[in-house]
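Enquirer: Sequence:
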Amino acid sequence: MPSRKKTGMFASAFLTCVCSFMLICVALATQHWISSEVDFSGTNSNATVSLTYGLFGGTCEQFSSGILVPGKNFQVAALLNNATAKGTITATIVILVLSLLASLLSSGFTCTNAVSNPYQTFLGPIGVYTWNSLCGIFVLIAMILFPVNIEENGLSVELARGCFSALQTHVKSEHAYGYSYWIMLLIIFLNIASIIIIYFYDHARYSKKKEQERPIENASKDVILF
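According to mature numbering (1 follows the signal peptide of the UniProt record, and there is no 0), the residues represented by the sequence shown are -29 to -1, 1 to 197, in order.
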């Protein structure tokens, strides 16, 4: 059976891993990654399309000459004709699913160590370091890919044209990232917290082991001198 100290520290790391897992689910499921105001100019009038969406879907509405066109829901993949933008959003989803799996494995590893002493080295702190690091890296990549898709591939413009086909020349766009996007920063911090908790436990265990070895080393020297 593990010591109380090990159980407490791995249980704390388990809670941070579970929170990370739940937040990734929230990020994937919610549609508040970004809100965009996309302006278009036409021959007779100008129009502004407001969009709020996530990785899978969202809502849009149009203001044209002071008239509000009723909003509607849309699926991101269904409206995209730009292969690069579609590929990037798909890659973002895949990477977040991988981070979800890494977080799940990290939760399993920390839970196992909280209630037992695994014989395999990889099931111990090394495994926790590995899966938490991978989860954090995957989430960071997703945080980079999404803004790149907005700015470089014109994701919001593509979606606005998909919602309202009569739009003509794109003038400008303004974006505000929502909580579904910024929540990923918290996921990264939770993964770092898990690593720090296990590092302190591993470091304390290593220091204790070294202290226990010193009397044996000193005794060996005394025997040699004798």
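Among the hints, erroneous ones may be present.
[Unchecked claim] Listed next, the in silico SDA-like pairs over lysine to any residue satisfying Cα-Cα at most 20 Å (straight line):
(1) Lys143 <-> Gly13
(2) Lys57 <-> Tyr100
(3) Lys43 <-> Gly79
(4) Lys143 <-> Leu111
(5) Lys(-24) <-> Asn88
(6) Lys57 <-> Leu75
(7) Lys57 <-> Val128
(8) Lys57 <-> Thr30
(9) Lys(-24) <-> Glu122
Calculated from the structure, these hints are not laboratory results.
Enquirer: Does each hint hold? Answer for all of them.
Expert: Hint-by-hint comparison with the structure:
1. Restraint check for Lys143 and Gly13: satisfied, since their Cα atoms lie roughly 13 Å apart, inside the 20 Å limit.
2. Proximity of Lys57 to Tyr100 is assessed by CA-CA distance (about 33 Å); at most 20 Å being required, the pair is judged violated.
3. Restraint check: the Cα-Cα separation between Lys43 and Gly79 comes to about 41 Å, which exceeds 20 Å; the hinted pair is violated.
4. A distance of roughly 28 Å separates the Cα atoms of Lys143 and Leu111; the hinted pair therefore is violated under the 20 Å criterion.
5. Taken as a hint, the Lys(-24) and Asn88 pair is honoured in the structure, with Cα atoms around 10 Å apart against an allowance of 20 Å.
6. Distance check on the hinted pair: Lys57 and Leu75 sit about 27 Å apart at the alpha-carbon level, beyond 20 Å; violated.
7. A threshold of 20 Å between alpha carbons decides the hint, and for Lys57 with Val128 the separation of about 13 Å falls inside it, so the pair holds.
8. For the hint pairing Lys57 with Thr30, the CA-to-CA distance comes to about 18 Å; that is within 20 Å, so the pair holds.
9. Only pairs whose Cα atoms come within 20 Å are accepted, and Lys(-24) paired with Glu122 is rejected, the gap being roughly 47 Å.
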